[in-house]
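My request is simple: use the sequences and hints to build the entire structure.
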Amino acid sequence: AQTVTQSQPEMSVQEAETVTLSCTYDTSENNYYLFWYKQPPSRQMILVIRQEAYKQQNATENRFSVNFQKAAKSFSLKISDSQLGDTAMYFCAFTPSNSGYALNFGKGTSLLVTP
Amino acid sequence: GAGVSQTPSNKVTEKGKYVELRCDPISGHTALYWYRQSLGQGPEFLIYFQGTGAADDSGLPNDRFFAVRPEGSVSTLKIQRTERGDSAVYLCASSLTVDQETQYFGPGTRLLVL
Chain A
16 AQTVTQSQPE MSVQEAETVT LSCTYDTSEN NYYLFWYKQP PSRQMILVIR QEAYKQQNAT
76 ENRFSVNFQK AAKSFSLKIS DSQLGDTAMY FCAFTPSNSG YALNFGKGTS LLVTP
Chain B
7 GAGVSQTPSN KVTEKGKYVE LRCDPISGHT ALYWYRQSLG QGPEFLIYFQ GTGAADDSGL
67 PNDRFFAVRP EGSVSTLKIQ RTERGDSAVY LCASSLTVDQ ETQYFGPGTR LLVL
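Residue numbers (this note's numbering), protein chains in the order written: chain A, 16 to 130; chain B, 7 to 120.
Please note that the accuracy of each hint is not assured.
Unchecked claim - Here are some chain B residues pointing at chain A (derived, C-beta under 7 Å):
no., residue
1, Q47
2, G48
3, P49
4, F51
5, F111
6, G114
FYI, nobody ran anything at the bench for these hints, they're computed from the structure.
Keep in mind it's a predicted model, so treat the numbers as computed, not measured.
For every residue, glycine included, the Cβ atom is placed at its ideal position computed from N, Cα and C.
In structure tokens:
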């Protein structure tokens with residue numbers, strides 16, 4: 016079974032600062048995909064960033080970047096220059112590449128960006 | 007273009023009643039997924055469709071839950087004899103194909119069973 020663990024239920028950061036959200040996962044697969052989704056109070060899950068396990072290079076999307084450590088099964092999200100609109104729940108998700116395509120989600124981290 | 011839409015946005019029903027939740031995927035997306043998100047939890051997989059057929063329904067909790075996608079586009083999640091424990095947000099997502107494409111989510115339907 017695959018599991019995703021987000022050990023930080025809540026985090027807070029000041030506007031313009033940098034924050035890192037942690038995620039670890041457990042799998043016996045060698046090839047898989049990892050995602051960070053953002054869920055604001057509107058409930059809409061929005062894709063933030065995606066990483067393919069076979070790629071060595073860490074994915075980046077503007078102010079969002081990941082630190083993917085395959086051996087350690089760690090996939091943290093770094094948000095630079097935090098903005099008030101980044102306030103939301105953040106979910107880490109995993110899907111194996113060769114058996115089913117359902118996403119396995121962690122329990123989420125609630126991020127609050129303060130002025 | 008239009009994203010994934012779900013109706014109704016909110017649904018309140020009484021224990022024992024039947025409910026239907028609808029999902030309109032992004033046009034042209036062949037894969038469609040249903041997830042359930044309980045309070046304080048991440049979404050949990052229920053079922054996914056490739057075209058009209060249910061490719062994996064292993065996440066459906068019991069036989070009170072059923073989903074269809076008769077024409078390969080709109081999908082309906084059906085819950086019979088609802089129980090209070092069915093209260094949750096039901097999320098739908100679609101992707102262009104099932105082959106590791108990014109899933110795009112709808113806003114969800116919040117179901118409350120009294």
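- Item | G48/B as chain A interface residue, shortest Cβ-Cβ below 7 Å | With Cβ-Cβ at 3 Å, under 7 Å, it holds.
- Query: Given G114/B as an interface hint, is the shortest Cβ-Cβ distance to chain A below 7 Å?
  - Reply: holds, 5 Å
- Status of the F51/B interface restraint (C-beta, 7 Å, chain A): holds, 4 Å
- Once the shortest beta carbon distance from P49/B to chain A is found, is it less than 7 Å? The hint holds - P49/B has a Cβ within 7 Å of chain A, the shortest such distance being about 5 Å.
- Would the stated hint for Q47/B survive a check requiring a Cβ distance to chain A of less than 7 Å? The hint holds - Q47/B has a Cβ within 7 Å of chain A, the shortest such distance being about 6 Å.
- Message: Interface hint check: F111/B, Cβ to nearest Cβ on chain A, cutoff 7 Å. Holds or violated?
- Response: With Cβ-Cβ at 4 Å, under 7 Å, it holds.
Violated hints are absent here; each numbered hint is respected by the structure.
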